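Respectively, the protein sequence lines represent chains G, E and B.
So in my numbering, spot 274 of the first sequence is number 325, and the numbers just go up one at a time.
So in my numbering, spot 22 of the second sequence is number 73, and the numbers just go up one at a time.
So in my numbering, spot 235 of the third sequence is number 286, and the numbers just go up one at a time.
Read the hints as simulated data drawn from the structure, not as lab findings.
Keep in mind that this is a model prediction, so the values were computed, not measured.
Take the hints with a grain of salt, since some may be wrong.
Which copy is meant is left open, so a pair is good if it fits within one copy or across any two.
[To be verified] List time: in silico BS3-like cross-link candidates among lysine-lysine, alpha-carbon distance up to 30 Å: (1) K93 <-> K79; (2) K93 <-> K266; (3) K243 <-> K79; (4) K79 <-> K266; (5) K295 <-> K235; (6) K235 <-> K319; (7) K243 <-> K266; (8) K235 <-> K79; (9) K319 <-> K93; (10) K243 <-> K319; (11) K288 <-> K366; (12) K235 <-> K288; (13) K366 <-> K303; (14) K189 <-> K303; (15) K319 <-> K266; (16) K366 <-> K235; (17) K366 <-> K93; (18) K366 <-> K319; (19) K319 <-> K303; (20) K303 <-> K288; (21) K288 <-> K243; (22) K93 <-> K303; (23) K319 <-> K189.
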Amino acid sequence: AQSGITVYGILDAGIARETGGAEGSVTKLATGVQSGSRLGFKGQEDLGNGMNAHFVLENGLDLDTGKARQNGALFGRHAYVGLTTSAGTINLGRQCNPIFIALDGIDPFETGFTGSATNLMSIGTARTNNTVSYATPKLNGLSATVMYGFGEQAGDSSLGRTIAFSVDYAAGPLVGTLAYDSLKVTSFNTLKEVLLGASYNFGPATVHAAFETEKNDIGGDFRDFLLGASVPLGQGKLLASYVKKQDRSATKQGGRQFAVGYTYTLSKRTNLYSSYGTIRNELAATNVVGDASSGGSAPAAGNGSRALAVGIRHKF
Amino acid sequence: AQSGITVYGILDAGIARETGGAEGSVTKLATGVQSGSRLGFKGQEDLGNGMNAHFVLENGLDLDTGKARQNGALFGRHAYVGLTTSAGTINLGRQCNPIFIALDGIDPFETGFTGSATNLMSIGTARTNNTVSYATPKLNGLSATVMYGFGEQAGDSSLGRTIAFSVDYAAGPLVGTLAYDSLKVTSFNTLKEVLLGASYNFGPATVHAAFETEKNDIGGDFRDFLLGASVPLGQGKLLASYVKKQDRSATKQGGRQFAVGYTYTLSKRTNLYSSYGTIRNELAATNVVGDASSGGSAPAAGNGSRALAVGIRHKF
Amino acid sequence: AQSGITVYGILDAGIARETGGAEGSVTKLATGVQSGSRLGFKGQEDLGNGMNAHFVLENGLDLDTGKARQNGALFGRHAYVGLTTSAGTINLGRQCNPIFIALDGIDPFETGFTGSATNLMSIGTARTNNTVSYATPKLNGLSATVMYGFGEQAGDSSLGRTIAFSVDYAAGPLVGTLAYDSLKVTSFNTLKEVLLGASYNFGPATVHAAFETEKNDIGGDFRDFLLGASVPLGQGKLLASYVKKQDRSATKQGGRQFAVGYTYTLSKRTNLYSSYGTIRNELAATNVVGDASSGGSAPAAGNGSRALAVGIRHKF
């Protein structure tokens, strides 16, 4: 009677120590540090001839309070239905921006831990409402995704419009991605981001690198650089990255982050982790060391931000 | 360990083009056009002697945003527990009004698509909180349901009180229904609706017809007429209906809707659809072509409303 | 594919008649009278060597409206992930206060029906966000739990801090508990509660008794007494309790509650129930006869409160 529905999720909680913020040093129960806590429902129906219909409904939650994340949306992480044919996959609903998926695949911290690349690098709105996406089949490791998000804002249905795509390669030791995201913020300001990233698994270690440009029509102009490594070590993996956000305008909003982490595997589904991240901010910047879910309070302009976390992540 | 729980749902999304509204022509990602998107949990326990205990918890959601519908209620579509014995079924909780179920069963569009009969015909509050319902067993195709909804409004627990029933017949090619709904809106105004409907399956086509009266104690007085047809055609079904809302008071709030639609079956659980609906409004009317979930913006008084949709519906 | 997830719940609804409140006598659809209505997801992964990882996500809901309880939190009853080893269990997230679990285990009404001990006795905040708990293994019927809740309130991260524990004994006919709860409400006011309770099953009847002190730093000083009995009778159980809240300060906020109830078993998972509770309030007290989920409106100071309920509870 369950029609092949899968109930799945990830729950992640720990203790974090955040320093440098306006509230001073804070020790707290942390949730969703390595990966955002979630509960999902997904299913797939085989329609024959290589076709299938499928869906995902994925809730994001804060495990420390039991509340829904994503501004209280019930299925704020994913909510879509789609069709796959031999010509590719079309999905309709609320989906992750391709540039978010792209950075998540390159960042050694997978945009989590107290060292997520997203602390300094932009991923558009992360997730977008009212979207149609099309993904090509994978051919020799190569695939591409395009996504269009209707604006649907009251008064001007073009505001909030998102145009995004990524071209992805994954074969053998090499992963490469080129991603683009364009969001019409106001009628005279569109935010545009381009990300180029790659990782290469040498065996004893995987090296990760990314380059991103962020520009808008009211003077914003950033260049971001990421260099990282992940190294299998003992019953786990050592992670490290250096991220630099370079502000090419006069606003001095840039910064540099250095982070290290370690995951300790208890099983295929469960691991312990610890990570430490520190940001040095430029003169007017208030960048914060956040994780997959949240971050500490913003520092005074130009001050640093630091966070240390230890916790557990359980998949089901 | 699952105690026979069934997780089920319907997800429906597409593209809609709405014209005639105050916001002009709008193209948008549509959700819940043919049927409202939902995720439900239901179960039944056999208690012996023909008795069972059962429950339904059904969430309604907007697939374009992942948010809960029904003003954010978690289980806003259905939430009840009940007992069935040889003498009938009693349910307690939040339930659909019998007149809604009755119209849903007669309307060729099943109160969905861009041609739902509910665009012009009333179904009470659709769903009511704080209800007790009793349904007779089905005997020779005949059954009846009565529902009482406690008002429970602060200050006056009689406000919001709902009294409703339906008498239903379904056997062979004939479906017939008589439904009543009474809602105490204020201490001196009760809204009363009576619906009479039937459909007859001639084989090559099913013909649908309904008549409704809507009256309240402050002058409201409408008569609604529906005539429709559904015709199996190719790998799907052609649907059409004409609905007229006649305003018998001086307020000129009536209108006429004409709608056509086609569903294309991919499997028992999945279909594609397209539908078009158009409303011509009386002098002061602002009726809108909506679907199973929402509608465009209201037109200026007396202006028309139109909507075209194409999409996919997947059951699980 | 379900990874051993269990979907479970309790749904409880009935009719209640509440008298004595400011709104006068009210008859309403009651929800969660015997037990709060809920839908949960839980799972456990065996990690070998007697270790396991586990989680609980439990939503509380009002069955009369389908809305989430606990101020709309999605998983407001429980939300935690944890590890069990031979040295005990650590859980992280939102959890029940040990003093709530302790009183729930002693009260013949299990803190439900229209006679819950919580109508007059305090259980801290019932559930606390941002908690870490540690529970010892059970040894010869003896176990202990400690819980710490980070305050995490904006501006002062010590506010809301909770320190709590319980020592529990359960073997043969005897259940005993000592529980403590301390909540830092403001920087100069901490609320402290100590509960001592026991029940003994003589065979034809179980006797229940509890004693609690509630003190804060701004003059609050209560002593509470509970005496109760539960008696297997026919196809069910008869329940009764007397609770006295003695105000030792000058504020005259005390009161006395007497309650009786009967559960009628339809199956292991389903029962009918009826209960009646009445509170006599001291001069300035407005204590209300509530149940596992809610209560009537508060009476005028010093007036009594009464509630009668009949309903059904279904577990799945």
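Item to check | List of violated hint numbers, smallest to largest | outcome: 2, 6, 10, 12, 13, 14, 15, 16, 19, 20, 21, 22
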